[in-house]
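Participant: Take these sequences, add in the hints, and give me the full structure.
There are 2 protein chains.
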Amino acid sequence: MSDENIDSYVVPGFLANGIHCGIKEDGRKDLALIFSEKPARAAAVFTTNRFKAAPVLLDMERIKRGQAQAILTNSGNANAANGPAGYNDALAMSRALSSKLDIRDDLVLVASTGVIGRRLPVQKIEAGMADLVAGLNADGIPTAEEAMMTTDKFPKMACRRGVCGSKEITVCGIAKGAGMIEPHMATLLTYVLTDAEVEGGTLSRVFRLAVDKTFNAVSVDGCMSTNDTAVILANGRAGNAVIKGRSRDLTRFRNLLMEVLADLSQAVVRDGEGTTKVIEIVVEEAKSIGDAKKVAYAIANSNLVKTAFFGGDPNWGRIIQAAGATGIPLPVDSVGIYFEGIPVFLNGQGVYGQEQTVAEVMKKTSIRLNVKLGMGGKMFRLHASDLSFEYVEINAHYTT
Amino acid sequence: MSDENIDSYVVPGFLANGIHCGIKEDGRKDLALIFSEKPARAAAVFTTNRFKAAPVLLDMERIKRGQAQAILTNSGNANAANGPAGYNDALAMSRALSSKLDIRDDLVLVASTGVIGRRLPVQKIEAGMADLVAGLNADGIPTAEEAMMTTDKFPKMACRRGVCGSKEITVCGIAKGAGMIEPHMATLLTYVLTDAEVEGGTLSRVFRLAVDKTFNAVSVDGCMSTNDTAVILANGRAGNAVIKGRSRDLTRFRNLLMEVLADLSQAVVRDGEGTTKVIEIVVEEAKSIGDAKKVAYAIANSNLVKTAFFGGDPNWGRIIQAAGATGIPLPVDSVGIYFEGIPVFLNGQGVYGQEQTVAEVMKKTSIRLNVKLGMGGKMFRLHASDLSFEYVEINAHYTT
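Each protein sequence line maps, in turn, to chains L and D.
So in this note's numbering, spot 337 of the first sequence is number 1098, and the numbers just go up one at a time.
So in this note's numbering, spot 140 of the second sequence is number 901, and the numbers just go up one at a time.
Since the hints were derived computationally from the structure, they do not count as laboratory data.
Fair warning: there could be bad hints in the mix.
Where chains are identical, the list cannot tell them apart; a pair therefore holds if satisfied intra-copy or between any two copies.
[Stated by the list, open to error] As a list, the in silico DMTMM-like pairs of lysine to aspartate or glutamate whose alpha-carbon atoms are at most 25 Å apart:
hint, residue 1, residue 2
1, Lys1054, Glu1020
2, Lys785, Glu1116
3, Lys885, Asp863
4, Lys1125, Glu1154
5, Lys1124, Glu929
6, Lys1124, Glu1154
7, Lys785, Asp892
8, Lys1048, Glu907
9, Lys928, Glu1020
Facilitator: The following block contains the structure:
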């Protein structure tokens, strides 16, 4: 979460709210609404998992128009793996909102996060709709965030302001997700709201790119949810000249967006299941970005590397093991490994003499790991979590 | 380990021994020798990791001749990531043995397993050589196995006998490896000894195939050591007509070999770091073996699936998540998931009503998981371990 106080999470033209409608048994909030006073330009990125939850299937259709006015999210139930009945439930959830707001039904996006394989209690959502809509207000974004949370330990919000032409624009994002995936296989949800006026194709392109460099460059457990959804709504309320093409305004907007998404995605890793350390893995001197990415993910998803970081063990042997197993023809004598800039492996062998310093570095809660491949000039950066007892504890719990 | 008593681990023409030479500080045996009274036909399979340990690099050269007479193995030190000095140490280790045995140096294969990045204490190995060779005996195979162990909880040996023509042949194998990899990144080592007479090309081909279907179809943590080595020695002492081509004898020999390697590889999973359960993952109805393999490994290496099995949680949601993220265009409504034959997911949704039976099944220490893709007729079978607190505990320990 950003250091800014809660007042700053206001985006002109957007209202939000969150309530408890009865899906979560413990009384916590479980229904969130984000509403744009007028239809907004919209773009979205969804999970590429073949098993997509019902709300994802519905939203994928609706986003094609490039417009949306509301995002209705429930937590406590993922509405995934429920067959055709699940799709009808997603539709019913949408209709309950559109009829209450009196807007076109296809301007509603829906999202669900929680237990899978159980029918969504649509009646509870319908019963809560009047309160949810009645409570909509400009300060409601943090409340909506709260109602989206499942095993999240803290809310994840980020906001940036900048100038386009003579107009101030705001880009504000919220995210939920304790890892890419929570115990009962829920979801990473990210919503970005902006009052900037952005041309449709440009919005979609810049959002995809920013998600790719931020959310698609973190790894908690290498798993991909059936419900992952990232949406951006741009309502144009700032009155700026429409952002498009390759203007300077586009650069400004993209930078604000990147900062917001970087903040949120790193917060997701910090809040990852059982995370005690965040590892920034920077793979450099690769022949291609693809190679750099492959090595970075191999390291990030190696349980031996993850447990070593958890134990504060500067075990570079496990790092070369993971890199060496990728199938990339690494020049083994040119590979270099650095913890916070301190070399630990060079010229095909360990570098000794700085054990004390390295041991101190390994105690940090955020550690930079540089892996130089000696093959070219491309790089890829990834934020990953360690693997702790708590991860196993959280995930060994019974669903049934 | 097989149920047969220790006397059965005798292969005509082979001698073996194991001693403590001082590499391990706790006094356990750390130097193992297998010796064929005459040079044997030899074939081997090595790690495909780019970072290969010095003994692997040496053996890869030597195995090209298709002959070997001795395998010298030390535990407690992997002789990996030591640069050119490590290679010279591997050579020195070999020479110490060949001069003592008075055999050609290039008939010696060497292997090392233990901590990486530390120089091999060659003097200790040299000093122990006289005792090691003096103690060689026909009953020595279990002692050699003992001297190869690192974090292994139990010795892994398997032996089968059969008939080729009128001659009895023996195929006996030993393995070490608590997982594909032990805490300090050591190794899976497998040696198979047989007195059968097998033509060189045939031996190599049948061994590769058998390793592929056994050791290359288990997964403890998805990691690949720098030292993995599997060797077969065939000394021809049984006096059978040479096995080659596509004879009935070849089928018999291959079956014995497959049984020995299947026993050993499954023992390695059972003895995997922190393993409490072995999961037999059978992916069926795939379009290709490649697809089936991809899905099987995605499930086997998913920490969410592994922790669910540890917790006894029949969480099929995590299984479809892993399968769905592979990129294979699965027909989601045709995929079926079964625990020990009981369907839990069919027609795109969960199957309910047998929760009690499924809960009982999940308590077993060995569980069969069938995943039917509904795409074709190919299949792949994989043995995997779960992910427990103990795994994290073992692997979070300090190397330094």
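Participant: Evaluate each hint against the coordinates.
Facilitator: Outcome of the hint check:
no. : hint              : result
1   : Lys1054 / Glu1020 : within (21 Å within a copy, 39 Å between copies)
2   : Lys785 / Glu1116  : between (49 Å within a copy, 23 Å between copies)
3   : Lys885 / Asp863   : within (20 Å within a copy, 85 Å between copies)
4   : Lys1125 / Glu1154 : both (23 Å within a copy, 20 Å between copies)
5   : Lys1124 / Glu929  : neither (42 Å within a copy, 60 Å between copies)
6   : Lys1124 / Glu1154 : both (22 Å within a copy, 17 Å between copies)
7   : Lys785 / Asp892   : within (17 Å within a copy, 70 Å between copies)
8   : Lys1048 / Glu907  : neither (43 Å within a copy, 44 Å between copies)
9   : Lys928 / Glu1020  : within (19 Å within a copy, 75 Å between copies)
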